[in-house]
Amino acid sequence: MLACGFSVLALVGLIVYELITKSSLSWHAFGWKFFFRSEWDPVNDQYGALPFVYGTIVSSILALIIAVPLAVGVAVFITEMSPRWLRGALAFTTELLAAIPSVIYGLWAIFVLVPLLRQYVQPWLAKYLGWTGMFEGPPYGIGMLAAGIILAIMVVPIISSITREVMTAVPQQQREAVLALGATRWEMIRTGVLRNARAGIMGGVILGLGRALGETMAVTMVIGNRPEIAKSLFAPGYTMASVIANEFSEATGDLYLSALVEVGLALFLVTIIVNVIAQLLVWTVTRGTPARSHA
Amino acid sequence: MPKEKDLMAGFAAAPISLWRRAMNSLVTLAAVGAVVLVLLPLGAVFGYLIYKGIGSINWAFLTQIPKPPGEAGGGMANAIAGSVYILLIASSMGVPLGIGAGIYLSEYGRGTRFGNLIRFTADVLNGVPSIIVGIVAYGLVVLSQGHFSALAGGVALAIMMVPTITRTTEEMLLLVPQAVREAAYGLGVSRWRTALSITLRTATSGVITGVMLAFARVAGETAPLLFTAFGNQYWNWKLEQPTAALSLQIFTYAISPFDEWHRQAWAGALILIVLIVSSVGAVRLVASRGMLKGAN
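Protein chains in written order, with numbering that gives the first Met the number 0: chain F, 0 to 294; chain W, 0 to 295.
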């Protein structure tokens with residue numbers, strides 16, 4: 000039994016060891032500059048991860064911008080507004096969203112979401128918001144915007160289930176007290192519930208971020224896979240996870256492979272840090288220590 | 000004191016202003032809107048899967064291996080079997096390891112510093128992106144064997160199963176009353192024997208729930224199989240040979256330019272989702288029969 004316990008520890012150790020040893024070649028060749036160079040040229044053995052870092056960050060942030068209001072809205076509805084009979088069904092259905100494999104989201108996005116974006120959404124955005132520079136260029140459908148939307152759909156269940164959990168952890172008296180002071184339901188939710196649960200909700204959001212950063216298949220299928228940094232969200236991009244997915248099995252040179260593993264190492268470290276922060280935040284709310292309200 | 004009474008009366012009668020009421024309705028509306036917006040893609044995904052998939056599922060799809068591109072017909076029989084094969088390999092390694100670690104956490108490591116460390120590590124492992132697990136399995140198995148293999152795919156999925164099984168096993172074992180253990184100790188049963196034959200047996204259905212959840216979670220995984228199991232257009236039952244998997248086949252077909260393959264991708268996706276949802280549904284059913292409150 001102890002051996003099994005150790006094995007969990009060993010697995011994480013193994014992951015770290017594998018990633019560090021296999022990426023050392025690229026680390027010695029490029030050092031820190033690896034993350035600030037934007038050329039990715041396997042033919043001349045020149046590697047820089049900046050376009051992937053950029054693509055990962057932008058697609059994940061975009062996903063959060065779309066997903067957070069929706070997820071919190073769903074959680075608020077389920078815990079505070081929904082009639083009792085609907086509650087269980089809604090919770091189950093949103094969790095079903097989390098059970099759909101990434102590759103199926105990708106399939107759906109290619110054949111349903113992308114044509115929809117190309118025909119209706121992108122021309123509309125270009126017409127009314129084109130002046131911002133974020134929505135210009137030819138509407139391919141495929142690109143950063145599609146990746147952000149599909150990621151949003153995938154992280155909503157995570158954020159909303161954590162938000163639900165921390166909102167339920169807020170004591171009932173808190174709600175009753177605020178209502179007794181004459182607050183409307185929304186004022187009760189805002190001052191009595193959301194304010195107390197905010198550290199935990201933040202934890203849920205960061206957990207969603209962790210998932211979005213490492214998500215591979217669905218993003219690979221719709222982001223366009225071009226290592227470029229473009230201001231427009233219509234343009235194709237590339238993420239850290241999808242460059243590994245696309246090029247790893249075809250990487251011929253040692254340095255090429257090593258560079259891909261280094262991208263993986265960076266992704267690993269970032270998701271670990273993000274997840275640890277999220278866990279700590281959720282614990283502060285659900286493990287009895289109430290989040291301090293700065294009212 | 001009449002003065003105070005007046006004050007209270009005035010307070011109670013203060014109407015809730017129009018603005019506050021409007022705000023309240025607006026937020027309620029927004030929350031309902033959010034629910035609708037979230038359910039929309041869910042409905043759309045399932046709707047399209049059934050609409051596009053069901054027409055392409057036929058006897059040939061379930062029994063034949065893929066035809067070369069451009070030719071009509073053929074199926075995913077080898078991919079369906081390959082997925083099951085890889086999952087069996089993964090389970091044979093991941094399940095005992097995960098259950099063992101879960102037993103350690105609940106029976107031996109409760110409250111100890113080492114136990115907490117392992118629990119924390121399991122949570123960390125749970126958050127590792129699946130593509131990274133693929134890289135590790137590649138380094139461990141593919142590089143040392145010299146080629147892609149079913150075994151490598153199994154190792155990758157096993158690594159992903161361990162944390163889920165560990166944590167649910169621990170939770171389920173903690174639900175077993177302490178008195179049951181004490182009764183066993185009182186009869187002179189040793190600690191490990193109690194853990195295996197008494198505690199684990201009592202929590203069997205809960206532990207199975209955890210295994211099924213882990214199973215459902217990795218069944219649709221694609222990223223860790225890309226450069227481990229790799230995929231195969233033909234049958235393979237050898238551990239050390241590349242193997243087809245349903246999820247890989249869906250991916251390959253979805254990004255291909257052939258209409259026939261697109262149709263088959265939908266059909267494969269429908270089969271995959273039915274597999275996953277039915278196992279999650281079975282878990283729900285078992286969980287709702289009581290005893291397993293912490294299952295989900």
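No lab work stands behind these hints, which were simulated from the structure alone.
Keep in mind that this is a model prediction, so the values were computed, not measured.
Take these hints with a grain of salt, some might be off.
Far from chain F by the CB rule (all over 10 Å, computed), these chain W residues [said to hold, decoys possible]:
id, residue
1, ILE49
2, ALA76
3, LEU173
4, GLY185
5, LEU186
6, SER189
7, SER204
8, GLU239
Ranges between beta-carbon positions, derived for each pair [unchecked claim]:
id, chain 1, residue 1, chain 2, residue 2, range
9, W, TRP234, F, GLY252, 26 to 36 Å
10, F, LYS32, W, GLY42, 39 to 49 Å
11, W, PRO256, F, ARG225, 14 to 24 Å
12, W, GLY32, F, GLN172, 37 to 47 Å
13, F, ARG197, W, GLY145, 49 to 59 Å
14, F, ASP253, W, ASP122, 31 to 41 Å
Chain W regions said to be covered by chain F (calculated; three or more residues, Cβ under 8 Å) [what the hints assert, rightly or not]:
id, region
15, 61 to 68
16, 128 to 140
Even glycine gets a Cβ: it sits at the ideal position worked out from N, Cα and C.
Next item on the list: Provide an ascending list of the numbers of those earlier hints which the structure does not satisfy.
Entry: Structure breaks hints 12 and 15.
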